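*Asks:* Letter by letter, the chains look like this.
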Amino acid sequence: MKKKILLVDDEETLRWALHEALSGDGFDIENTNDSVQALEFTRKTKYDLVISDLRMPIMGGLQLISEIKKQSPDTKAIIITAYGSIEAVIEAMHLGVLDFITKPFKIEHIKGVIRRVLDDTAVSNYNKNTGRAKNAGYERSGTEYKDACIQSDVFSVATDGKETARNTFYDVVEAGKLKGFIFGSTPLEADGKNLDVIVKTIFRYSLKTHTSPASLLKEINQYLCKNVLNRFPVALFCAVLDERRQTFCCSVHGEELTCFISLPDKQVLMVASSPFPLNMFPGMGIMEKDVPFVSGSKLVMIRNSSLSKGLKKGTITAGRFRDAISDGSATGCEETAKGIRFQIAGLDESIAEEKDCSVLVSGSRFDMRTPALCEEGMIIPVPVGNYGEILEQLDKKVLPFVADANKRHEIVTSVNEAVLNAVSFAYRKDEKGGVFLKFSVLGGEVIVEVSDHGCGFDMQTYTEPDITLYRDLTKKSGRGIFIMKQLMDRVIIQSSGETGTTVYMAKRVGCNEN
Amino acid sequence: MILLPAGDLVSEGIDELENQLKASCDDAYRVILDLTNTRYLSARALGIMAFYVKSLRDKQKALKVVAANENIKKLFVVTGLFKLIELYESEDAAVASLGPQVGKLEKMLLLSEENSV
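Chains as they are written, first to last, in this note's numbering: chain A, 19 to 532; chain B, 15 to 131.
If you're looking for bench data, these hints aren't it; they were derived computationally from the structure.
With a straight-line cut-off of 25 Å between C-alpha atoms, the simulated BS3-like cross-links for lysine-lysine are:
1. A:88 - A:62
2. A:124 - A:226
3. A:244 - A:226
4. A:121 - A:195
5. A:415 - B:87
6. A:425 - B:87
7. B:87 - B:97
8. A:21 - A:88
9. B:88 - A:425
10. B:88 - A:414
11. A:21 - A:87
12. A:87 - A:22
13. B:88 - A:415
14. A:129 - A:195
15. B:97 - A:425
16. B:87 - A:414
17. A:456 - A:244
Only a predicted model underlies this, so the values are computations on that prediction, with no experimental measurement involved.
Let the hints inform the model, and build the full structure from the sequences given.
*Replies:* Written as structure tokens, this is what we have:
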């Protein structure tokens, strides 16, 4: 039976070109330039798919689809847009629109999208709570891990079924010769606002213009930080595979994610990842890595905090991990993950639960809003001259953002520690340079970034001081960071030999003070 | 010995503070650090204070801090230093605490040290 498609667009040439092309592919097409008439059509006929322009006179595409969904919730929808903002596209995805196509487009591209939407439910298949796709087909009762995504022959995910405190979701997009993949994990508190839909929409939208995973995650991170009021950790993995060039690039953020490439010759390559989750600071640096990828390789990701912590802390060596993966006849990631747990006995017991030394997360209320954003910059030249003057300047910078004198003092004290850390660690004695500060207000929080372009603070040598007392006074490392973490709501430190160190810190100051 | 820093103990004043406290370990019987003019303290300054309060205690001497503002007091709390260093509102109160109660105070400090190990 032919699939019925309704095409709604006020651009006549495009409408008829699509009509001809899709009729030739065996679809039953009806078209109209009038959205009100389109609604009449849907009352009389049940369509499998509605393709609508976003902007139309009288009734726009979003309103049309909203009305159609009320009377026929199963009808699938695709939006065509020439000027669509990311907000409009996100709204469309919330309405249940499965994909969107940006004008101008090639007929072959839209045919591919239509086929996928009609034949495949991968787009809307994100799992809730249990970490498995609804029709993934790999669900096996009694097993600890589930293969969450099998729609692609390249990407595969295993999540720990025990970790029910987080939602997981994924999306696979093909754009020409590019294959994009995103996998995310969010706390349950984020569930109410369809955060996964937002992340996937931005991913799909941005993949049309950004082909680098780091820039895709940057777009997502900035959007979340600027539009989600409360901060909670969002772990995201993003990869872009260019099959023509045989290049594979990926970006992993969030310590619970462990990712590796399984090569056809049984070799296993770990993918470098950052422990810092997204939705913490809009300006946070996003890393990406090119990884070797040959035909027949498979990317496997495991969401398991214990495993990641074990690898990070050295409890599980990379060699032992490789042995566990490459040993045996494990083919799917479910078996692989189980194999790892089987072979590394006492994994959970060997890794004590502990808070990441450089990440503090606060707040539990979750709300969407578009906050005001204002920014102020400041540069402190190194070697530092009169520090008393610098303190005065810091006070003046923070004053317009924070009315409460106590909070202001806490922010200045914390910034001061970050500056002193930068001065102490980044530059050799008498070396010239600078410490760069950025103050901003976002969603009721004051955010301060302190960065040097020097050699960087070595997190490997960082030791956490005693939480209750400055007991071990011989260890100087970490005392300033300890104070920052006590006085601010959230602190993240990113450091690398190439870019130096940036300390991101945030403190809630209340909406009235913005 | 009463030490009265002229300003913030963040960068420049810290070396001087360390030198003074070092000297006081030998020269002074009791040290009072007056923070009347000090708005900000750095982690390093707190570390130095913590180090010398222990050094002085080992020599049966004491370091007391007076006139700390509310924000500095909070730093003493979050770092746990309030367990080591006694804070007083004024010099008079600090001096008064030194007299006949010294033996008792030292005993308390030693006990708190034992508990903290």
